[in-house]
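Novice: Work out the full structure, taking the sequences as your base and the hints as a guide.
2 protein chains.
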Amino acid sequence: MSRFKVGEMQVDAGTPLLMQGSNSPQLYTALEGMGLRSKVLPNGRRQVVNLVLPGDFVGLQAALMSEMGHSVEATTDMTLCVFNRSEMWNFIRENPKRAYSLTWIAANEESFLGDALATVGQRTALQSLAWAFAKLYQKGEALGLAAGGRMKLPYVQQDLADALGITTVHLNRVLKELRDRQIASWQDKVLNISDWHELTDMAMLESDHLPTRPLM
Amino acid sequence: MSRFKVGEMQVDAGTPLLMQGSNSPQLYTALEGMGLRSKVLPNGRRQVVNLVLPGDFVGLQAALMSEMGHSVEATTDMTLCVFNRSEMWNFIRENPKRAYSLTWIAANEESFLGDALATVGQRTALQSLAWAFAKLYQKGEALGLAAGGRMKLPYVQQDLADALGITTVHLNRVLKELRDRQIASWQDKVLNISDWHELTDMAMLESDHLPTRPLM
DNA sequence: CCACTGCACTAACATAGGTTACGCGAAGCG
DNA sequence: CGCTTCGCGTAACCTATGTTAGTGCAGTGG
Numbered sequence: 000m001s002r003f004k005v006g007e008m009q010v011d012a013g014t015p016l017l018m019q020g021s022n023s024p025q026l027y028t029a030l031e032g033m034g035l036r037s038k039v040l041p042n043g044r045r046q047v048v049n050l051v052l053p054g055d056f057v058g059l060q061a062a063l064m065s066e067m068g069h070s071v072e073a074t075t076d077m078t079l080c081v082f083n084r085s086e087m088w089n090f091i092r093e094n095p096k097r098a099y100s101l102t103w104i105a106a107n108e109e110s111f112l113g114d115a116l117a118t119v120g121q122r123t124a125l126q127s128l129a130w131a132f133a134k135l136y137q138k139g140e141a142l143g144l145a146a147g148g149r150m151k152l153p154y155v156q157q158d159l160a161d162a163l164g165i166t167t168v169h170l171n172r173v174l175k176e177l178r179d180r181q182i183a184s185w186q187d188k189v190l191n192i193s194d195w196h197e198l199t200d201m202a203m204l205e206s207d208h209l210p211t212r213p214l215m
Numbered sequence: 000m001s002r003f004k005v006g007e008m009q010v011d012a013g014t015p016l017l018m019q020g021s022n023s024p025q026l027y028t029a030l031e032g033m034g035l036r037s038k039v040l041p042n043g044r045r046q047v048v049n050l051v052l053p054g055d056f057v058g059l060q061a062a063l064m065s066e067m068g069h070s071v072e073a074t075t076d077m078t079l080c081v082f083n084r085s086e087m088w089n090f091i092r093e094n095p096k097r098a099y100s101l102t103w104i105a106a107n108e109e110s111f112l113g114d115a116l117a118t119v120g121q122r123t124a125l126q127s128l129a130w131a132f133a134k135l136y137q138k139g140e141a142l143g144l145a146a147g148g149r150m151k152l153p154y155v156q157q158d159l160a161d162a163l164g165i166t167t168v169h170l171n172r173v174l175k176e177l178r179d180r181q182i183a184s185w186q187d188k189v190l191n192i193s194d195w196h197e198l199t200d201m202a203m204l205e206s207d208h209l210p211t212r213p214l215m
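Residue numbers (numbering that gives the first Met the number 0), protein chains in the order written: chain A, 0 to 215; chain B, 0 to 215.
Hints are supplied without guarantee of correctness; some may be wrong.
You can't tell identical chains apart in this list, so a pair holds if it fits in one copy or across any two.
Claimed, not checked - Capping the alpha-carbon separation at 20 Å, the derived lysine to any residue pairs in SDA-like fashion look like this: (1) Lys-138 to Glu-7; (2) Lys-134 to Leu-40; (3) Lys-96 to Arg-84; (4) Lys-134 to Met-64; (5) Lys-134 to Gly-20; (6) Lys-134 to Pro-41; (7) Lys-151 to Lys-175; (8) Lys-138 to Ser-21; (9) Lys-134 to Gln-19; (10) Lys-134 to Glu-66; (11) Lys-96 to Leu-204.
These are computed hints drawn from the structure, not numbers from a lab.
Specialist: Laid out in structure tokens, this is it:
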């Protein structure tokens, strides 16, 4: 493990970590701070694929495939654990348990993206937002980043809107509705959930437990 | 490899192979025929996550995680190669190259779902349909299932509509537009692409090469 | 031969969400 | 200290897409 790990790294908010289409010799695990993965289409529209929270492994695609399908950037200041891509193969060969973890991570990511797809494709904007808030809070809670219905969410509205496939104008409409109905609010970078039951109900969340992830 | 493989299996059109939420002792590789993966929400709406073509590996999630995030069913008659889930761990341990392939498959799937997410989230219905047709044809061509702009597509409109997150009514509208503009048509289960350039242009496809997949 | 069902297709109308265009406050900066 | 920029919020209007409600045809089974 120690040979695989190269070191730690601090980056400022706004720093791009991996670029869509290109390739990178480095892979990361987020230790602190938050970021996001996104994909831009030739017409300029952006899809936020996923938010990056502490513990998330980033760059698997670059490691295995010829190029990244999306970009990754730091939204806040972040500290990252850096790995060397060239060691991946040895790593998998010599440590089957880790290889298993890696595959698990990829499969889990796939599962999440399936959910996200169903959200964007089949839920209304209100349901989508509820889903996003609920999912985020669940994950935040598991990481110790959230408690008592409150969680720091240092993104801008555009990020969330791009994740849900709606515009900021419409995001505002549905945010207002959640606020007015006293279910949840998101102001000054803080998410505040006041009615968890109503929220998950609206989100049509199937399971309320998170699978336990292996750490890399 | 032979110890991992249990046998082959023939199923009729309509047979469910894996069920969302449950778990399965078996994994499959499609050899012939087509199928689809889908996910249904509590309100009854269905998202088609992906189409299953020959060569596709199915059931990774069941193998690694506690439960499947989606269902898989056969759309046409299919023949499948059957593996035993319980052998997975030994398999990974004893054959690191295969472990690598498995991870590659998962990462590739993740990459595809990212694309699909961007499609449903950021493309109009017309662009989405063009994207789906182009992607399918590319894959079909690589598999020898398509040539000369023609490819068998044995799905019903509802399947495509659920994949793109639109209704069949609207799918009909955009199908008509592609037909009228002489770009592509899909009738009698056959996809016919007459203007590939215009199609990919409309779809905003980034790369026109498919990554080479390892077979399992 | 007739009912029945599933699927493709269309028309008329309804609405969720997009566009454009503002105001307003806070933060950076010369 | 003004000036600009950025992010949040809202209103008025517009359109892509959904909804509801059909038609027609081919297959299938009694």
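Novice: Enumerate the violated hints, using their earlier numbering and listing them in ascending order.
Specialist: Hint check: 1, 8 and 11 fail, others pass.
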